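Here's the letter readout for the chains.
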Amino acid sequence: MDLKDKLLSSFIAFENNVDLDHPVHEVRSEAIKNFETKGFPSKKDEAWKYTSLNNIQKVDFSVFPKKESALEYRDIKKYFLHEIDTYKIVFVDGVYSSYLSETTHDGVDVCLMSAALTKPQYKQVIDVYFNKVASKDETLTTLNTAFSKEGAYIYIPKNKVPKKPIQIVHFATGNEAALMLQPRNLVIAEENAEVQIIERHQSLTENEVFTNSVTEIFAAKDANVDYYKVQNDAKTASLVDNTYISQKDNSVVRVHTFSFGGKLTRNNLNFYQNGERIDSILKGVTILGDKQHVDHHTLVHHAQPNCESHQDYKGIFGEKSTGVFNGKIIVDKIAQKTNAFQQNNNILISDKATINTKPQLEIFADDVKCSHGCTIGQLDEDALFYLQSRGIPRKEATALLMYAFANNVLESVRIPELKTRINKIIANTLGVRVGFEL
Amino acid sequence: MAYTEEELKKELETKEYEYGFYTDIESETFPKGLSEDIVIAISQKKQEPEWMTEWRLEAFRVWKQMEEPEWANVNYEKPNFQDISYYSAPNKKPKYNSLDEVDPELLDTFKRLGISLDEQKKLAGVAVDIVMDSVSVATTFKKTLAEKGIIFCSISEAIQEHPELVKKYIGTVVPQKDNFYAALNSAVFSDGSFCYIPKGVRCPMELSTYFRINQAGTGQFERTLVIADEGSYVSYLEGCTAPSRDENQLHAAVVELIALDDAEIKYSTVQNWFPGDKNGKGGVFNFVTKRGLCEKNAKISWTQVETGSAVTWKYPSCVLKGDNSIGEFYSIAVTNNFQQADTGTKMIHLGKNTKSTIISKGISAGQSQNSYRGLVQVNSRAENARNFSQCDSLLMGNRCGAHTFPYIEAKNKSAQIEHEATTSKIGEDQIFYCNQRGIDTEKAIALIVNGFSKEVLNKLPMEFAVEAQKLLEISLEGSVG
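Protein chains in written order, with full-length UniProt numbering: chain G, 1 to 438; chain C, 1 to 481.
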């Protein structure tokens, strides 16, 4: 049975475990119909031209984990940003782990999607926000919507700021030979609220994991949202991350994506600007080796005047890795005075590595400043020689230059401990010790 | 620009489509529709050898299996391929020795187009091979070229007289089954130009052809084949105008360039076909496949100014097969009213140390849509490939759109690729600056547009540059908001 059929039949089983009278269930039924018609995307779809899910579809994934798994905090501590105090929403094989988590209802709601979808006190919020910005058309998003049940639910009311950042961590224990996860997150920052979120997916064994995640973020007027995606998973884990962001007047949303691990990673990052004077910031660092494949698909839709967007993606590709960047900026007719910038720089360090990039602009307004730049190149031989002539070995010199290359993406990380952590991961990935903090 | 303000204003006001007249020349036209019989009939009509007929039929069979492409960023009513007549030739077809023998009506047409044959002969030193409704009727300067061993004639003549060259090269760069329109062209092409520059010869003059679409309801399918043998050089000009017609006319040309070792081909186009009227009615569909192949140390340079056609779908490309070969693409695409253009280039780097440059300027006004679509591909064996691309778009008014779809695929670590794109409008301060100095807004815009397009205009041969500059002004008439 192929994966599509398996998912379709699993949906019937899934229905036994959810409240069929809840209005969300109608959304789910609608979504599964869409997935049934469209199925998995193929290379014939323009958006999936460079990324194939064929191998994933061949794997016999279990859609619901059979047994519960317990983890000891000390074993997995290193996967948390443990240097600072944070709220934690932790899932083990797709099941919420209250033992590892730290949630709150103190002024803000940092809790579970399953609670939000069932408990009456959340109904009003769910009615207004759930599945409102996520695509009802994109096939993998609708697949996730159909199975939406668990994930993080974060609600920050007007003028509130949570006391500490929030970490969302998904562990896969490897108890199943192959596991498919479909977390669904909802983040709402009301007027003038602020929140910082770090998200991570971590597989603990060599067993195969396929995560198809959807996150919806709503930033109301004057809200400020920082979202950090740390993708440093095992080399047998695949991730399709769909993030949909709706912004209102004066809001600022920053999404940083750090892609170092994983077998196949596809990031669909979609910003919809539904107000004026909005700022959207998309940053990414990708460092790959082996046969890894990372595909960044970004969309910034400027629908109102006087808004800005800034995109900066850097990629370093070694061994047989493949990188894809497809950045799309749409500026509507009425979105005058838009400033949209997009930058994508890539370095290939191996003969077998491939980079495919397609920075795309679709502009319908005339009074705009839009630009995109894209480069593919190598490290400057002269710069390497300069460093070597001052006694820095070639390997370290290379790493230094790569640091420098990726550094301006890190500059905008507003949690210092996270920045340090990312720097360490970069150093590990490049296999060097530079001996000082950058 | 020796225009006074009044004159320009008047001209712009009255400007419908300058070249929109229809010359009444008796034509022999095939019945509408397409079948194997028609393909054979075209081939027989042109007294082609059997291998050519076979080649056309092969293309036709492939075409029947193919579907019309839909990926381009354009919307239009698809042509009914059974409602087109695939062959029409001017009836009187003598071979002229001098201009006096040419049909006076035809000469008049050219005069109105601003192409004076004798003037060009004398002043510009341009040999003109005029394609009027698919059959070449006038060829000049052949003698001068023949002395150098250069073959410049219509492709049907080449099939008769130089079958070995045609047979060897036709379809090598753009195979019959390359795409839907290339296949259609391969099956039914009526005429076109053929050019061969022998080893080490530098063509002493700019070669040029003017294509025209005449005769209601006849699509035109030209085929151009330019071969520059080792160490040779040629600059080839192609310019186009067509009469106003309400019915959409289809134009599916194929251009193949072959630059052998150390050769250089410069191919310039000014395209000004009927773009449809102010309400988007009518206009030419321009679906063209242009591609060049560079052998070792060869260079191919495409320069194009696209101002006409209702729908343009055109990607002049370079296959950089040989080591150290160079591909260049310079383009200005102007769209106004309801025009749609999806144009760009493909640079395929296969050889070592290959270089390519892409400069694309898009100007959209009215309710038009202008897209740049390009591919830069560096294959794994293309060491030290270098590409620079720049795509700038200028928007006039808020009802038009500018789009960029650059595809960049690199499979070699030594590749250096840069891509830059910007979109902007003409700054109010720039116009104010001009106004302040006594230049009215319309002229200021022409000035700014010319400045914006300068990098590309500079690449055009002299004669074309002047014409192109004027075209830009005319195409953007009334777009000042």
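I should point out that these hints are in silico values taken from the structure, not numbers from a laboratory. As the structure is a prediction and not an experimental result, all values here were calculated from the model. By construction, the Cβ of each residue, glycine as well, lies at the ideal position given by its N, Cα and C atoms. A hint or two may mislead.
What the hints assert, rightly or not - No farther apart than 25 angstroms at their CA atoms in a straight line, the calculated lysine-lysine pairs in the DSS-like style are these:
1. Lys333(G) / Lys352(C)
2. Lys136(G) / Lys4(G)
3. Lys369(G) / Lys443(C)
4. Lys43(G) / Lys177(C)
5. Lys454(C) / Lys369(G)
6. Lys58(G) / Lys43(G)
7. Lys352(G) / Lys346(C)
8. Lys32(C) / Lys177(C)
9. Lys352(G) / Lys281(C)
10. Lys346(C) / Lys44(G)
11. Lys64(C) / Lys337(G)
12. Lys160(G) / Lys58(G)
13. Lys281(C) / Lys177(C)
14. Lys44(G) / Lys163(G)
15. Lys352(C) / Lys352(G)
16. Lys44(G) / Lys78(C)
17. Lys64(C) / Lys44(G)
18. Lys352(C) / Lys320(G)
19. Lys369(G) / Lys355(C)
20. Lys425(C) / Lys333(G)
21. Lys355(C) / Lys333(G)
22. Lys160(G) / Lys123(G)
23. Lys177(C) / Lys49(G)
24. Lys158(G) / Lys248(G)
25. Lys43(G) / Lys278(C)
26. Lys369(G) / Lys337(G)
27. Lys132(G) / Lys58(G)
28. Lys352(G) / Lys177(C)
29. Lys44(G) / Lys177(C)
30. Lys177(C) / Lys45(C)
31. Lys49(G) / Lys278(C)
As the list claims (entries may be wrong) - Short, incomplete list of chain C residues facing chain G, as computed with Cβ under 7 angstroms:
32. Gln82
33. Thr172
34. Gly397
35. His403
36. Thr404
37. Ala410
38. Lys411
39. Gln416
40. Glu420
Hint-by-hint comparison with the structure:
no., hint, result
1, Lys333(G) / Lys352(C), "violated, 45 angstroms"
2, Lys136(G) / Lys4(G), "holds, 18 angstroms"
3, Lys369(G) / Lys443(C), "holds, 24 angstroms"
4, Lys43(G) / Lys177(C), "holds, 21 angstroms"
5, Lys454(C) / Lys369(G), "holds, 21 angstroms"
6, Lys58(G) / Lys43(G), "holds, 16 angstroms"
7, Lys352(G) / Lys346(C), "holds, 22 angstroms"
8, Lys32(C) / Lys177(C), "holds, 23 angstroms"
9, Lys352(G) / Lys281(C), "violated, 51 angstroms"
10, Lys346(C) / Lys44(G), "holds, 20 angstroms"
11, Lys64(C) / Lys337(G), "violated, 49 angstroms"
12, Lys160(G) / Lys58(G), "violated, 46 angstroms"
13, Lys281(C) / Lys177(C), "violated, 32 angstroms"
14, Lys44(G) / Lys163(G), "violated, 47 angstroms"
15, Lys352(C) / Lys352(G), "holds, 16 angstroms"
16, Lys44(G) / Lys78(C), "holds, 22 angstroms"
17, Lys64(C) / Lys44(G), "holds, 22 angstroms"
18, Lys352(C) / Lys320(G), "holds, 21 angstroms"
19, Lys369(G) / Lys355(C), "violated, 30 angstroms"
20, Lys425(C) / Lys333(G), "holds, 13 angstroms"
21, Lys355(C) / Lys333(G), "violated, 38 angstroms"
22, Lys160(G) / Lys123(G), "holds, 21 angstroms"
23, Lys177(C) / Lys49(G), "holds, 22 angstroms"
24, Lys158(G) / Lys248(G), "holds, 14 angstroms"
25, Lys43(G) / Lys278(C), "violated, 40 angstroms"
26, Lys369(G) / Lys337(G), "holds, 7 angstroms"
27, Lys132(G) / Lys58(G), "violated, 32 angstroms"
28, Lys352(G) / Lys177(C), "violated, 31 angstroms"
29, Lys44(G) / Lys177(C), "holds, 19 angstroms"
30, Lys177(C) / Lys45(C), "holds, 24 angstroms"
31, Lys49(G) / Lys278(C), "violated, 38 angstroms"
32, Gln82, "violated, 28 angstroms"
33, Thr172, "violated, 28 angstroms"
34, Gly397, "holds, 6 angstroms"
35, His403, "holds, 5 angstroms"
36, Thr404, "holds, 4 angstroms"
37, Ala410, "holds, 5 angstroms"
38, Lys411, "holds, 5 angstroms"
39, Gln416, "holds, 5 angstroms"
40, Glu420, "holds, 5 angstroms"
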